[in-house]
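Residue numbers (the working numbering), protein chains in the order written: chain A, 212 to 553; chain B, 212 to 553; chain C, 212 to 553; chain D, 212 to 553.
Careful: at least some of the hints might be erroneous.
Said to hold, decoys possible - Quick list of in silico lysine to any residue cross-link-like pairs, SDA-like style, CA-CA up to 20 Å:
#1 LYS230/A - LYS230/B
#2 LYS338/B - ARG286/C
#3 LYS338/A - PHE438/D
#4 LYS433/C - GLU436/A
#5 LYS338/A - LEU493/D
#6 LYS338/D - LEU511/A
#7 LYS338/B - VAL522/C
#8 LYS433/A - ARG286/C
In case anyone wonders, no lab produced these hints; they're calculated from the structure. The structure displayed is predicted, hence computed values, not measured ones.
4 protein chains.
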Amino acid sequence: MIPDFSCDYKNGAHPAVLKKLVETNGEILNTYGFDKYSAEAKEKIREACGLPDAEVFFISGGTQTNMTVISSVLRSYQGVICASTGHINCHESGAVEATGHKIIPLPHHEGKLDADELSAYLSDFYKNESRDHMVFPGMVYISYPTEYGTIYTKDELTKLRRVCDEYGLYLFLDGARLGYGLTCGACDITLKELAALCDAFYIGGTKVGALCGEAVVFHKDKTPEHFITLIKRGGAMLAKSRVVGVQFSALFTDDLYFRIAKNGADKAEELKALFIKKGYELFIDSPTNQQFVILDDETLQRLEGKVGFEVWERAGKNRTVVRFASSWSTTEEEIEYLSCLL
Amino acid sequence: MIPDFSCDYKNGAHPAVLKKLVETNGEILNTYGFDKYSAEAKEKIREACGLPDAEVFFISGGTQTNMTVISSVLRSYQGVICASTGHINCHESGAVEATGHKIIPLPHHEGKLDADELSAYLSDFYKNESRDHMVFPGMVYISYPTEYGTIYTKDELTKLRRVCDEYGLYLFLDGARLGYGLTCGACDITLKELAALCDAFYIGGTKVGALCGEAVVFHKDKTPEHFITLIKRGGAMLAKSRVVGVQFSALFTDDLYFRIAKNGADKAEELKALFIKKGYELFIDSPTNQQFVILDDETLQRLEGKVGFEVWERAGKNRTVVRFASSWSTTEEEIEYLSCLL
Amino acid sequence: MIPDFSCDYKNGAHPAVLKKLVETNGEILNTYGFDKYSAEAKEKIREACGLPDAEVFFISGGTQTNMTVISSVLRSYQGVICASTGHINCHESGAVEATGHKIIPLPHHEGKLDADELSAYLSDFYKNESRDHMVFPGMVYISYPTEYGTIYTKDELTKLRRVCDEYGLYLFLDGARLGYGLTCGACDITLKELAALCDAFYIGGTKVGALCGEAVVFHKDKTPEHFITLIKRGGAMLAKSRVVGVQFSALFTDDLYFRIAKNGADKAEELKALFIKKGYELFIDSPTNQQFVILDDETLQRLEGKVGFEVWERAGKNRTVVRFASSWSTTEEEIEYLSCLL
Amino acid sequence: MIPDFSCDYKNGAHPAVLKKLVETNGEILNTYGFDKYSAEAKEKIREACGLPDAEVFFISGGTQTNMTVISSVLRSYQGVICASTGHINCHESGAVEATGHKIIPLPHHEGKLDADELSAYLSDFYKNESRDHMVFPGMVYISYPTEYGTIYTKDELTKLRRVCDEYGLYLFLDGARLGYGLTCGACDITLKELAALCDAFYIGGTKVGALCGEAVVFHKDKTPEHFITLIKRGGAMLAKSRVVGVQFSALFTDDLYFRIAKNGADKAEELKALFIKKGYELFIDSPTNQQFVILDDETLQRLEGKVGFEVWERAGKNRTVVRFASSWSTTEEEIEYLSCLL
């Protein structure tokens, strides 16, 4: 079987996660979020995040998490600010707008939002005499890592937090690939520090060892009222909540989540070194598990069908940006296989 | 462990379903609905339904399925008719209204909609000179079995179909417990016949052997345009679609779905016989896996903590309706245990 | 021209209202609610209502007012309770649901909601263990007068207020025909008393002397945040706000609103007396400007084309309920004309 | 009274419009769009547009018209493309998103959308393999004149139409200031030609002689089904539809609409000539009734309070873009007054 680097969710569950699903399968458990494994997993997540009072909820996928959190936090007159490349703005089929809220895109810098530009936007907004005829900014949405694999430094996150505080904005972090960000070499922040800086964020399971499921973490006083009902209203509640609860319980036992994420980040380093060594041009200098490389048409055709990767976007005449993604399950053999092809 | 009859989704997956999840876990599979197990499962479902051209989609839960289908089929000026006891009207936290559509409840008869009453409602509606200021009926939603465990006869379904045809309404059947309906003794219709009578329906997995997942089946020419995008927009798309695809593939291999559902229906018969024998009063004569019994307060207190059941509603002074649900996993031992208590 | 009693909004504006529109037409005025006539009208309304701190907004029509207020007050997980006959539930084409909220209808009593039944509903709701899967009641909507012309007594309103207080519900009163209620003989409450009992209500202009426009009055601490933006978002903001401001300024000068409304109420009394005298059967004993009479088919046919009235609903074989509405513009001559026909 | 050029809707109605409102005020007329003046006005508009089969509807304001038309035409999976400066994208408080649809902004060129850029966007979209996870373009929204006062040439509109045809997009034109566009010197298209090129458009009344009201014109086969109900559902239906019907009947009698619009366009020419003569810098070379001039801070302060204009946006250090708007009611005296100040 040829290796597939096209994305980080074509694999199954991590064996330890699957094992726990199998071991607990015979048990009779409460439903709708009240099973004991969900309770156990929530406690472990609170501890890992250093937020003993946090409210934690499990939702089956990322788009669903984003739309449920965003629509629950925002008031009707508010919209959500994000980098123009934000997942909610580009690849969620208008899910946020479907809940009635405008997305306010600001320019991105390799996928990131700039705190100064955010501040300038907000300052202008509140000086604008027509602002009552506009959408009020209510939240800042950022991805960590971003859609281009880049990560915010602790300093950058702190500055964003400061701007949010100044303008009363809610800071929500999409951590679909959180593990790959926190375990990469360039990361200068801990989960606890990141958790402290956000009002809410989610820890992605789907891309880091689970079959499905994301864990949303809210600071206690920033939890939307009746969030359980809002989850149900959005169709995001699993009857057998054990499915996600058990998986997150496994992922947050003995640091499994971070240990397996580190493999994804490490393999990405190897991929990057390989591309550089072989003279390929990087589209972006990503420190995490998504590597973006520019291929000329000849190389593109040569590689197609020999190894899995994803065509991202055109980069001018005869040149295409493609993505190679590693994950917790990427093996040394797969890297070597690729090495021989390049 | 004391037996728990409170609902039919506290158990895990059927062993054969779990086995297939384990066996396929190591494979690298396509995503977003395009994995081979989803393709395989869809083909098996088309065959079981006798609809070779049907479009089949997998969605992780029932509320999500209902809201996605209903909001995709209806035009903005339309609402959905259902029995007042319909799940969408009572226990989905307003999910359908959240998509902008009114639910038009008609009186229920042991959970069922009456074709004559439906016809009378529609006739009145189209005679009403103010109808442009009202919500146009666009769909009829029915549950099979209903929320009270009852089932429509083939004749009743055929009559509903006829009324829908007469008034250009879409007929959608919520089959969260479809297996328990089709395998019960009172059932006089086959899956193929039922499938032919509806425009769309869903086959419930969560309550019949799966960990999660429902299979929506559309007649080809009644499939909403761009339904994949609508699933994504509603947050209902699993990245690792294998999760549900594999389970349904297992459930529709060698009639597993129906064989295990039959156990739930059979055990319900035993439960009912037991209650009758012991002199309990049935609240409703349900032929399927949900049995509704009236308990006086003394009995209620005596049983509480000794066996699992669900309090449904008050039935006057000192009397309470409770639900005992069987499922594919209910055992003879559990029935006997209960028998000793009653 | 034959008199038309079919509804109370086929006439134009009251002459004094029109006169003020003409007189002020040449002025250059601020827009979007900030013109001086709107300011003046708001002040007069605050005074008439005995609510010096109230926030008052003008919106061009009733449905728009209802949907804007209801969607602004409710949180996403909440719905609005009303009598099953409530205008929002029957004749607004699903406008409230279009904003994402469920309407929770309770039985009506000649169009009115019963405080005890409301209380029982709420008590049951909060005892229901499944309530997190239901729509939380957030508001009570009542019409005064109701869609059947009936009015709540002061005692009835006070009881509803008490229930709302007990359960933290917002009380919103639809006063599309408020003037005809407050000036009828059966009314035992003043505008100030009514205003004190509600959290918000609207004073209908369209049916009481204006060409268009309703005035929403909020208790200061019950005004939705950024309501101006919410009005704009709902498309309900007139650029030339003078249109409604000037009309309400005229209506609330020298008690014009109530003086002209009284004509509507008085003429309704005459209509009712006439029907009774002539041996017609009243469908409901309405004290306000809408009179509902039962006609046999022969009489119905005889009157059709000779005088304007509205067919309301069938009342069994050969019998039809019809509505005769009076208004501020109904004349003695019109009543006499009708008298000769009956 | 100092002249006010800040916007084009601080005045009242044109005298002939007001006169017709007064003359018809005593009549008893049908409601909800079925009054005879609405019928008469629709017929006149059809004729003026050269679309004998067109469906015409009256709605009270521009935002309401935009949101009602856009949400009625689009399917759930679709969004609307517009220039980033489009009114719907900037100054309608998120009204379109409130109906569940994304706005897809493309770069503007002095307020205009470029047909080639539109075509490139669409071509890329349909080549994008992730398009099922994106919002499908369903409509192109343009303003004529644009928010910067510029107008599309006939050739530009024809090219946009061609692109829309190629990709199956609906072309909707916001004509809030249509009159000022069609009567300006730079205009090279007739109303009939413009009407033929769009699927739907609206003729703005509020800014061109009316107190309120816009006329939406649909090509017959592009009219949304049950549009009357959709107007009601959006709260956009006036009970006394005569209010807008009578005004449009007056405006489309003897070409009044265009005759008075021409005054606005002509006065704008004079304003522009004046600014140029006095050495002011134009921000944009607008041919219609909105003129955008750059003022240095000193001039800005000098003019403030002496004449009405609107601050638009900062144009760098010490420089501000301001808008001077003329209208049908702008007089020679007002221009002369301004001339003395500059």
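Cross-check of the supplied hints:
Our distance criterion of 20 Å between C-alpha atoms is met by LYS230/A and LYS230/B, whose separation comes to about 12 Å. Distance restraint check for LYS338/B and ARG286/C: the Cα-Cα separation of roughly 36 Å exceeds the 20 Å cut-off, and the hinted pair is therefore not satisfied. Our distance criterion of 20 Å between C-alpha atoms is broken by LYS338/A and PHE438/D, whose separation comes to about 39 Å. Between the alpha carbons of LYS433/C and GLU436/A the distance comes to roughly 19 Å, so the proposed pair stays at or under 20 Å and holds.
About 23 Å separates the Cα atoms of LYS338/A and LEU493/D, which puts this hinted pair outside 20 Å; it is violated. This hinted pair checks out: LYS338/D and LEU511/A have alpha carbons roughly 17 Å apart, not beyond 20 Å. With a CA separation close to 11 Å, the supplied pair LYS338/B and VAL522/C stays within the 20 Å bound. Taking the CA atoms of LYS433/A and ARG286/C, the gap is near 16 Å; set against the 20 Å cutoff, the hint holds.
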